[in-house]
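Going down the list, the sequences are from chains A, B and C. Counting from 1, one number per residue, gives the positions in the first sequence under the working numbering. Counting from 1, one number per residue, gives the positions in the second sequence under the working numbering. Counting from 1, one number per residue, gives the positions in the third sequence under the working numbering.
Hints are computed from structural coordinates only; laboratory data are not their basis. It is possible that some hints are incorrect.
DSS-like cross-link-like pairs, simulated, lysine-lysine; straight-line CA separation at most 30 Å [what the hints assert, rightly or not]: (1) Lys144/A <-> Lys178/C; (2) Lys300/C <-> Lys241/A; (3) Lys168/A <-> Lys184/A.
Pairwise CB distance ranges, derived in the manner of DEER restraints [as the list claims (entries may be wrong)]: (4) Gly187/C <-> Lys137/A: 56 to 64 Å; (5) Gln204/C <-> Leu191/B: 26 to 34 Å; (6) Phe78/C <-> Ser216/A: 28 to 36 Å; (7) Asp100/B <-> Met141/C: 41 to 49 Å; (8) Val158/C <-> Val210/B: 30 to 38 Å; (9) Met141/C <-> Arg51/A: 54 to 62 Å; (10) Gly165/B <-> Ala23/C: 19 to 27 Å; (11) His158/B <-> Gln255/A: 40 to 48 Å; (12) Ala23/C <-> Glu238/A: 25 to 33 Å; (13) Arg184/C <-> His41/A: 51 to 59 Å; (14) Leu16/C <-> Lys195/A: 53 to 61 Å; (15) Ser80/C <-> His158/B: 38 to 46 Å; (16) Ala23/C <-> Ser216/A: 38 to 46 Å; (17) Gln204/C <-> Arg51/A: 46 to 54 Å.
Note that CB positions come from ideal geometry on N, CA and C, so glycine has one too.
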Amino acid sequence: MAIVTISRGSYTRGREVAEKLTERMNYELVSREVLIEASEHFNVSEIKLERALHNPLSVLDRFTNGKRRYFAYIENAILNHMIKNNMVYHGLTGHALIPKVNHLLRVRIRAEMEDRVARESERENISKDEARYLLSKDDEERRKWSINVTGHDPCDPSQYDIIFNASKTHVEDIVDIIASILQKDYMQNDSESQKMLEDLAKASEIKASLINQFPSVEVHVQGGTAIIRVQGSLEQEEYLKRSVREQMPTIRGIQDVRVSVIPWIG
Amino acid sequence: MNVKDNMGRGVKSDTKEGRTEQGKSTGKILEDMFTAVTFAERNLPEKARQYLDAPPRVRTVSRSLEDAFVAGAYAEEGAHETAREFLDSRPPLAGRVYGDIVYWGTVAATILTIIGQVVTFVSKSTFMTPSYVLSSIWQQESVEQIWKGAIGHLPQGHWYLKHLGTGPGITEMSLAFGVFIVIPALVGSGLILFRERNRLFGSLAVTAAVITTVSMVGLLPLPVG
Amino acid sequence: MLSVLKRSPELTVLVLLAVAGYAFMGIFSHVTGTEVLSATSVWGIVFGSFLLSTAIAIVAVIAGIGGGVLFTPVVMAFTSMDTLIVRSTGLVVAMFSGLVSSGPFMKKGLADIRLVFFASVPVVVGAISGSFGAIFLSAYMGPAGDGIVRLLLGLILVFIAFMFILGGAKTEYPQPKKIDNLSRTLGLRGSYFEESMGQRIDYQVTKALPGIVLFFLVGFTGGFFGLGGGWAVVPVLNLVMTTPLKVSAACSGVLLALGNSCAIWPYIMYGALLPVFVAPWMIGQVVGGILGAHILSKIKAGIVRNILIAILLLTSVKLIARGAETLMGVNIPVF
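Isolated chain A (complex conformation):
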């Protein structure tokens, strides 16, 4: 009963590791599925979600919070899978969503640049220089994206529990090591971890349902209490609170909703 997030760059064999680990542990493999589910659940085109995940943030995005909405939808879809446990997620942000859950193993797969260049140039039928340029560009864009969205640098080792160099270690060996860790007692989820994860999922559900009307919304759930913070005019505090409560979805287990308005300067 564990969750594995695999963070990877392009052509690092991370996907291969994820697929083989899933097969070995009989877990659920989740990656692109979250886009489809988020797209269906929140009625947003998959292309927009895909772009939000992969394109760098523009100046306009930063000014208008345009992509925050899509991230919230994707986050909710990922967390809805995570609460079911026994799951391997590969792709960006997974590791940054749930930083302190006992039964989560955050894995980073990296590979030497020359290996990645060789693989890309072979698969895409392009020159090595071109492949190197594209990979460097992709790495940098992902790095910037991750810092902007999650506040964490994906290259920062403190973000992971274990890091593998796929150029040095065989994929099967990486899978073996991860699988053996997953069998350990300390990797089994306890009620506290599960509760934390469920609270995160509830918070993300609330956030996703409110973010369209309140782009600055931040949600924290603890036990049966949801604390919702929105930016707005202090004169409208009462109305904003009422409006948030009215638009909030009914979520099982949430008995108390507290709304706080963070005032704008004006």
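Mind docking chains B and C on chain A? Use the hints.
Showing chains B and C alone in chain A's frame:
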């Protein structure tokens, strides 16, 4: 449930720290609230309401009732500390007095201004007619030129008091009343702070009121010849 | 809309009176036209000003940007009215939008009465100095004075717009690193009940002396330019004096109204507050201010705010250009 005890402790510590010093009436209000909270705790909100509605506690009934029920709700959940903190942090009387005077004064000034506007348009007075004033502004005339065109010189002082029979006079008086309302609000609030032995901030409120009054009365000569 | 009117009986009275009043004025008007304006257009300007002021007040409340910050710069940038008339009207706009919001903040206990009274003295002294400065400049420097005012206001507006964009580096619950003696002696501390956290927030204010100087400057700027000062008061309270953001925002409206009330009197006595022109703006601010607190726009507040910030930036360009034109006698072709 020992809500009453818990809240009692809160009030004692409050008094000790000198935070909520609302005079003798506070004790009575709090007593009312505690009784109401006790009723609310026993799921007898109607009885709590009746208790608070009964004279002579009409003064602050709605506010006390609201506070009592909120505190009661926290207490019922077992959050005695929260209930105590809620009661500790209720708005001070000086603030409520300032807020009430300013808010209702503004509403009254607005009503008077609307009346002044109506009189300006329907009366046959020729003093500062709307068409003259707006045309002058439109033609980029200065304040001095506009007044010279109307009465031959700049008005200087509270000119509207001499023209209270005209629409512009009533309108300006209403605007001035809206501006003036801050002074009684400062004084009223300051006096309450004095009564609560909060002399420093009471003095600051009165000082601000005095400076504003100096400005209003025109004790400081305008920097124009 | 009906439910909003039910919740606030005074708003119902004001709306009904205003609508009936302007209709009555239109029907029974004895106003005669001039060579410049017809009788109908005079009524149209007054009624239009009321509607515009109401709309500005509603939008200002929704977007959390004071009406006074919008009125003075926009009118000064895009019209050639005497700047003294614009500034005195701007003060009324800023003051009455502050007055309608300060009442509820004080009653709810969100605005710290002691902090407000502490800051009130430098603010009112600054405000009265500012308005005297404005009258002096207008009386003795004529068009050059107007040019200086436009140029300076344009520069201030650039600063304000960027502060709105960057959020003023605000901190919700700042903690003082060191408490100065004056703040400690004055007992500048307070608390409020934060419902969302279910607990009382205690705070300690610091840097009282720099605060006094900055509040004087805030008051002066408001009185001189006829500008709202929430953009300055909140950072002073929050960033310099470590007051929680919510308390800072609530205090700002109260202080603004206090400072402006002092600054307006010299304008009134100089005759710069022309009732026919000012009244619809004042009525609109009060009606719109109360109405704005009860309605949520269909358009997201953040978008409205960003549009207003863009308008402020454009206005600042125009103001700087016009100020430079007057002072240097050159023609700067800006929209």
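Now the hints, each set against the structure:
Between Lys144/A and Lys178/C the alpha-carbon distance is near 37 Å, which puts this suggested pair outside the 30 Å criterion. The hinted pair formed by Lys300/C and Lys241/A meets the criterion: a straight-line CA distance of about 15 Å does not exceed 30 Å. Between the alpha carbons of Lys168/A and Lys184/A the distance comes to roughly 25 Å, so the proposed pair stays at or under 30 Å and holds. Hint check: Gly187/C to Lys137/A, Cβ distance near 59 Å, so the stated range 56 to 64 Å holds.
About 27 Å separates the C-beta atoms of Gln204/C and Leu191/B, a value consistent with the hinted range of 26 to 34 Å. For the pair Phe78/C and Ser216/A, the supplied restraint of 28 to 36 Å holds, since their beta-carbon distance comes to about 31 Å. As the Cβ distance of Asp100/B to Met141/C is approximately 43 Å, the hint placing it in 41 to 49 Å holds. Checked against the given bound of 30 to 38 Å, the beta carbons of Val158/C and Val210/B, roughly 37 Å apart, stay inside it.
Between Met141/C and Arg51/A the beta carbon distance is about 56 Å. The supplied range of 54 to 62 Å therefore holds. Between Gly165/B and Ala23/C the Cβ separation comes to about 24 Å, which falls inside the hinted range of 19 to 27 Å. Separation of His158/B from Gln255/A is about 60 Å and departs from the stated range, judged on CB atoms against 40 to 48 Å. Checked against the hint of 25 to 33 Å, the pair Ala23/C and Glu238/A passes, with Cβ atoms roughly 32 Å apart.
One distance hint, 51 to 59 Å for the beta-carbon pair Arg184/C and His41/A, holds here, with the actual separation near 55 Å. In this structure, Leu16/C and Lys195/A meet the distance hint of 53 to 61 Å, their C-beta atoms being roughly 55 Å apart. Checked against the given bound of 38 to 46 Å, the beta carbons of Ser80/C and His158/B, roughly 30 Å apart, lie outside it. At about 41 Å, the CB distance of Ala23/C to Ser216/A agrees with the hint of 38 to 46 Å.
For the pair Gln204/C and Arg51/A, the supplied restraint of 46 to 54 Å holds, since their beta-carbon distance comes to about 47 Å.
The structure does not agree with the numbered hints 1, 11, 15 stated previously, though it agrees with the rest.
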